[in-house]
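J.: As a plain string of letters, each chain reads:
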Amino acid sequence: MNIDIKHIAKLSRLRIEDDKIEKFEKDMQSIVNMVEQMPDIDDTLTLDVNNPMKLREDVEVTDKYTREQLMKNAPQVQAGCLVVPKIVD
Amino acid sequence: MELYEKSAFELSEMLKAKECSAAEITDSVFGRIGKTEASVEAYVTVCEESAREQAKKVDEMIAEGKQLHPLAGIPIGIKDNISTKGILTTCSSKMLYNYVPPFNATVMNKVNGAEMVVTGKLNMDEFAMGSSTETSYFKKTKNPHDLTRIPGGSSGGSAAAVASGEAIVALGSDTGGSIRQPSAYCGVVGLKPTYGSVSRFGLVAFASSLDQIGPVGRTVKDVAMLQSLICGHDRMDATSKDIAYPDYAANLKNDVKGLKIGIPDEYFGEGIDAEVKDAVMAAVKLLEKNGAEVKKISLPSTAYALNSYYIISSAEASSNLARFDGVRYGYRTENYDSLIDMYEKTRSEGFGDEVKRRIMLGTFVLSSGFYDAYYKKAKLMQKKISAEFSEAFADVDVIATPTVPSGAFKIGENMGDPLKMYATDICTVTINIAGLPAISVPCGKTANGMPIGMQLIGGHFREQTLLDTANAYETLVGGFGSIPKIV
Amino acid sequence: MDYEIVVGLEVHAELNTRSKIYCDCKNAFGLEVNTQVCPICMGMPGTLPTLNEKVVEYAIKMGHALGCTINNVCKQDRKNYFYPDLPKAYQISQAEVPLCQNGKLEVMLDDGTMKTIGVTRIHIEEDAGKLLHDDSFSGSLVDLNRCGVPLIEIVSEPDMRSSAEAKAYLETIKSILQYINISDCKMQEGSIRCDVNVSVRPKGSDKFGTRCEMKNVNSFSAAVRGIEYEAKRQIEILENGGTVTQETRRWDDVKGMSISMRSKEDAQDYRYFPEPDLLTIVVDENKVKELKDSLPELPNEKLKRYVQTMGLSRVDASLIVENLDRAALMDACVEIGKGSPKSIAKWILADISKYMNDTGKSILDTPLTAARLCDLVAEIEKGTISNSAGKTVFEAIIAEDKEVAEIIAEKGLSQNSDTSALEAIAKEVLAANEKSINDYKNGKTNALGYLVGQCMKASKGKANPGLMKEIVTRLVNE
Chain A
606 MNIDIKHIAK
616 LSRLRIEDDK
626 IEKFEKDMQS
636 IVNMVEQMPD
646 IDDTLTLDVN
656 NPMKLREDVE
666 VTDKYTREQL
676 MKNAPQVQAG
686 CLVVPKIVD
Chain B
434 MELYEKSAFE
444 LSEMLKAKEC
454 SAAEITDSVF
464 GRIGKTEASV
474 EAYVTVCEES
484 AREQAKKVDE
494 MIAEGKQLHP
504 LAGIPIGIKD
514 NISTKGILTT
524 CSSKMLYNYV
534 PPFNATVMNK
544 VNGAEMVVTG
554 KLNMDEFAMG
564 SSTETSYFKK
574 TKNPHDLTRI
584 PGGSSGGSAA
594 AVASGEAIVA
604 LGSDTGGSIR
614 QPSAYCGVVG
624 LKPTYGSVSR
634 FGLVAFASSL
644 DQIGPVGRTV
654 KDVAMLQSLI
664 CGHDRMDATS
674 KDIAYPDYAA
684 NLKNDVKGLK
694 IGIPDEYFGE
704 GIDAEVKDAV
714 MAAVKLLEKN
724 GAEVKKISLP
734 STAYALNSYY
744 IISSAEASSN
754 LARFDGVRYG
764 YRTENYDSLI
774 DMYEKTRSEG
784 FGDEVKRRIM
794 LGTFVLSSGF
804 YDAYYKKAKL
814 MQKKISAEFS
824 EAFADVDVIA
834 TPTVPSGAFK
844 IGENMGDPLK
854 MYATDICTVT
864 INIAGLPAIS
874 VPCGKTANGM
884 PIGMQLIGGH
894 FREQTLLDTA
904 NAYETLVGGF
914 GSIPKIV
Chain C
28 MDYEIVVGLE
38 VHAELNTRSK
48 IYCDCKNAFG
58 LEVNTQVCPI
68 CMGMPGTLPT
78 LNEKVVEYAI
88 KMGHALGCTI
98 NNVCKQDRKN
108 YFYPDLPKAY
118 QISQAEVPLC
128 QNGKLEVMLD
138 DGTMKTIGVT
148 RIHIEEDAGK
158 LLHDDSFSGS
168 LVDLNRCGVP
178 LIEIVSEPDM
188 RSSAEAKAYL
198 ETIKSILQYI
208 NISDCKMQEG
218 SIRCDVNVSV
228 RPKGSDKFGT
238 RCEMKNVNSF
248 SAAVRGIEYE
258 AKRQIEILEN
268 GGTVTQETRR
278 WDDVKGMSIS
288 MRSKEDAQDY
298 RYFPEPDLLT
308 IVVDENKVKE
318 LKDSLPELPN
328 EKLKRYVQTM
338 GLSRVDASLI
348 VENLDRAALM
358 DACVEIGKGS
368 PKSIAKWILA
378 DISKYMNDTG
388 KSILDTPLTA
398 ARLCDLVAEI
408 EKGTISNSAG
418 KTVFEAIIAE
428 DKEVAEIIAE
438 KGLSQNSDTS
448 ALEAIAKEVL
458 AANEKSINDY
468 KNGKTNALGY
478 LVGQCMKASK
488 GKANPGLMKE
498 IVTRLVNE
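These protein sequence lines map, in sequence, to chains A, B and C.
Counting from 606, one number per residue, gives the positions in the first sequence under our numbering.
Counting from 434, one number per residue, gives the positions in the second sequence under our numbering.
Counting from 28, one number per residue, gives the positions in the third sequence under our numbering.
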């Protein structure tokens with residue numbers, strides 16, 4: 606199995622420097638090789654009905670946080686909004 | 434004996450008897466931090482001022498005759514991936530170098546509610562990915578037993594702080610061994626609770642289906658006390674189990690009569706150092722001599738646990754870590770000319786290589802065309818491993834294995850080879866894969882004086898059995914020894 | 028060559044729950060930017076989702092309304108992609124096993140015929156935030172208030188063959204959402220949005236052509252325009268010997284055209300996998316049944332009943348059905364069984380609707396009960412009062428909150444339908460107007476109207492005008 610590091614990096618929104626690609630390729634390849642040693646298992650995945658999820662009651666809570674509290678960590682804020690580079694559709 | 438050398442239980446009794454004050458305990462711990470932190474480097478953030486204020490508050494409450502939790506006034510260190518309101522929570526990553534959560538993790542509400550004294554935030558492998566705390570962006574924590582060696586990881590700061598007396602107890606997190614493995618390397622007690630018994634709300638996720646917060650201490654009783662505090666159902670965490678949880682510390686026994694201990698061959702094979710096998714078997718023998726029944730068992734799929742673990746954990750991590758994009762919090766690159774450019778630069782500069790490797794592995798195994806061959810296969814293996822454990826627990830009460838194959842290695846020794854690093858998790862990942870509880874207790878030392886850990890594994894929600902067994906062992910060996918001299 | 032258009036629709040409807048789908052933030056529209064958020068819907072590190080039970084219930088209700096199989100055991104999955112309006116960089120949705128699947132919807136087309144459209148699936152998921160573009164500023168702004176607003180996505184089979192069928196489907200879906208009260212359906216607020224899949228094929232072919240998906244379709248009329256544009260575009264390509272490429276296109280309703288966004292090769296790899304932060308959704312089977320039993324008569328069924336068994340026109344029937352208050356009044360009247368449904372419908376659509384529009388009131392806020400409307404229509408049909416007197420009665424009901432009989436009596440509105448009495452009046456009037464009779468007989472047909480008018484006047488307006496005209500006509504021709 607060959608791994609297209611550049612494609613995977615793009616999907617992951619990562620940029621791998623050219624001089625590191627080879628090392629990443631080698632490391633990933635050895636991990637994948639290890640993983641591929643796993644035998645095939647003749648079974649199917651089923652949903653666990655014995656451990657059902659408890660759902661949340663539909664009640665709204667307001668004024669838990671101020672906008673300032675929540676935006677305090679943001680690198681760039683303008684007019685109460687988060688700022689990202691201009692998006693051209 | 435200095436106060437920082439005492440256990441949480443002893444200090445709690447002293448506080449109750451007014452033999453010391455919370456301020457004095459805190460003073461002692463910060464005195465120790467002042468002496469050894471420069472060489473151990475367990476903390477990312479030290480919270481001395483707020484800790485002293487909290488200790489003062491506890492002393493006032495004691496003076497007022499208020500009924501307090503047994504852990505009130507006890508200094509605790511917190512792994513830096515547990516959200517602390519108003520206190521930096523970095524996950525030891527450049528990506529979150531400046532992130533201050535506006536909310537507390539559920540476990541922090543419990544810690545604060547018990548009036549414990551938070552000493553600071555502890556170093557870890559970046560985003561809990563690693564087995565040596567060497568992938569931290571900020572510093573390399575040292576093993577208090579030998580400063581040239583790693584403390585283990587990812588909760589290396591938690592284990593090292595407790596082992597060195599820089600904290601009385603600590604909280605860590607365990608995704609594939611991250612509490613037990615450093616606890617073994619540092620000669621302390623660490624419990625990885627059953628998946629679903631401690632709320633994950635506020636724990637920065639690595640692999641959601643495997644992560645679990647747990648306690649680290651120098652005695653089994655301390656670990657039991659802290660576990661009793663942090664466990665319980667939380668409506669903020671849908672995966673948290675809504676059952677009644679016992680008070681482990683209050684119920685703690687030290688009797689192993691009739692206890693059935695399973696010994697799986699697969700954990701004593703190739704790759705495990707002979708001195709480690711011998712130490713663990715000696716510990717098992719001691720328990721047997723005191724009334725436990727020892728049985729050979731088999732967990733045949735153990736060999737594939739690591740494979741399954743790396744697929745599942747990396748897949749979840751690739752998704753969990755996608756939110757770090759420089760928009761709402763944390764690091765953002767300085768120069769960029771488009772959204773994608775900003776994303777890619779921010780993430781490439783903000784994450785270290787190990788994190789990138791796991792994100793990419795996870796992205797790969799989930800990507801179109803590979804899902805069935807990798808992720809689905811790993812989930813099927815997980816199912817098989819869980820079934821094997823269920824079968825084993827029909828016959829035995831606990832399973833004893835080594836926690837790690839060897840003593841702590843030298844700093845830098847395994848950094849170049851991910852597979853060699855991953856192999857140190859070989860005994861611990863299986864337990865996360867099966868969602869079981871397991872505890873690591875010290876059981877002797879290697880020839881070069883490094884601690885060895887024995888792992889005791891229990892059935893789902895059978896923490897009491899584990900703690901009782903570990904407590905019995907601790908009593909039989911007359912305690913786990915004193916804090917190492919750090920020079 | 029003749030072509031056939033093939034359309035499939037994906038409708039996203041925001042649910043009107045009180046709180047968001049995975050956190051307890053208020054689910055509301057139009058509030059100040061980034062004020063309806065919390066660490067959970069902002070995707071802060073360490074936060075976890077908890078699923079709102081009403082979202083599951085609402086989706087199951089819709090599933091029942093569209094005749095779906097309900098998967099009462101299912102799970103949620105993560106759909107991974109990077110975009111600034113998606114804080115976690117994944118949307119919690121449902122992939123393999125949706126909550127509801129394999130349904131069908133019967134819709135009435137403009138000509139009154141019925142058409143059945145398959146419903147592939149309905150799943151639950153979270154909405155994303157909004158990007159605000161401001162030309163005066165060098166970046167884009169992100170408002171996260173809409174993050175975590177609950178959505179259901181309803182996916183149809185490619186069963187529609189024209190833009191008109193697509194429109195009928197969309198309107199029926201909207202009407203059902205309103206009937207079962209799970210969505211506000213405010214198009215201008217974007218609470219219903221759709222993606223449109225269009226392909227064309229030679230008429231008679233049983234193979235589908237290559238489809239294009241159109242995004243950003245924000246109204247039903249835009250969907251109609253988009254489908255027509257897209258079909259025309261594809262037919263032109265085929266006519267010129269080209270081939271249609273599978274791609275995602277963006278509909279620009281202002282320019283009236285679609286623009287290519289990305290081709291199949293660049294298709295996003297969403298890397299779906301089961302959401303590990305949530306456990307299996309298991310809905311008790313009794314609960315599933317209970318939700319089914321709680322459904323009212325659905326608008327498409329009602330429409331069919333109005334047209335096929337009550338004889339209303341397609342237009343009148345849908346005008347009543349589309350408004351819950353009107354439909355409720357109509358059904359209550361039909362239940363009482365007095366007055367013909369057609370007349371009742373006319374009253375509802377004319378005078379009553381006009382009054383509601385003028386005053387902005389709801390029917391429920393006035394003293395006009397179904398019983399009174401039935402009485403009113405029955406009295407007119409019996410001839411007790413005239414149509415114009417009926418209007419007076421209607422106004423009086425609303426103004427004075429009295430029974431129809433009471434009003435007729437008080438205002439003396441009943442008309443005389445006693446033939447012998449009317450004949451007596453007519454004879455008297457005709458005797459005094461011999462000139463007009465002669466004019467009539469000499470061909471001045473207007474004269475008849477004058478005579479009837481004089482008779483009505485003599486009856487002080489109480490005579491049944493139809494009957495009076497009949498009598499006068501007979502008498503002058505004798």
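Treat the hints loosely; a few may be bogus.
[Claimed, not checked] Okay, derived cross-link-like pairs now, PhoX-like style, lysine-lysine, Cα gap no bigger than 20 Å in a straight line: (1) K409(C) / K809(B); (2) K918(B) / K878(B); (3) K499(B) / K631(A); (4) K728(B) / K718(B); (5) K809(B) / K102(C); (6) K496(C) / K409(C); (7) K449(B) / K499(B); (8) K812(B) / K625(A); (9) K878(B) / K659(A); (10) K710(B) / K722(B); (11) K669(A) / K518(B); (12) K615(A) / K496(C); (13) K611(A) / K778(B); (14) K102(C) / K812(B).
[Said to hold, decoys possible] Below, a sample of chain A positions facing chain B; criterion: calculated Cβ distance under 7 Å: (15) I613; (16) S635; (17) M658; (18) E662; (19) P680; (20) P690.
These are computed hints drawn from the structure, not numbers from a lab.
Backbone N, C-alpha and C fix where the C-beta goes; we use that ideal spot for every residue, glycine too.
J.: Next, verify each hint and record whether it holds.
T.: Verification of the hints:
no., hint, result
1, K409(C) / K809(B), "75 Å, violated"
2, K918(B) / K878(B), "16 Å, holds"
3, K499(B) / K631(A), "61 Å, violated"
4, K728(B) / K718(B), "12 Å, holds"
5, K809(B) / K102(C), "16 Å, holds"
6, K496(C) / K409(C), "17 Å, holds"
7, K449(B) / K499(B), "11 Å, holds"
8, K812(B) / K625(A), "31 Å, violated"
9, K878(B) / K659(A), "46 Å, violated"
10, K710(B) / K722(B), "18 Å, holds"
11, K669(A) / K518(B), "14 Å, holds"
12, K615(A) / K496(C), "88 Å, violated"
13, K611(A) / K778(B), "15 Å, holds"
14, K102(C) / K812(B), "15 Å, holds"
15, I613, "5 Å, holds"
16, S635, "6 Å, holds"
17, M658, "5 Å, holds"
18, E662, "9 Å, violated"
19, P680, "4 Å, holds"
20, P690, "5 Å, holds"
In terms of the numbered hints stated before, the structure departs from hints 1, 3, 8, 9, 12, 18, listed from lowest to highest.
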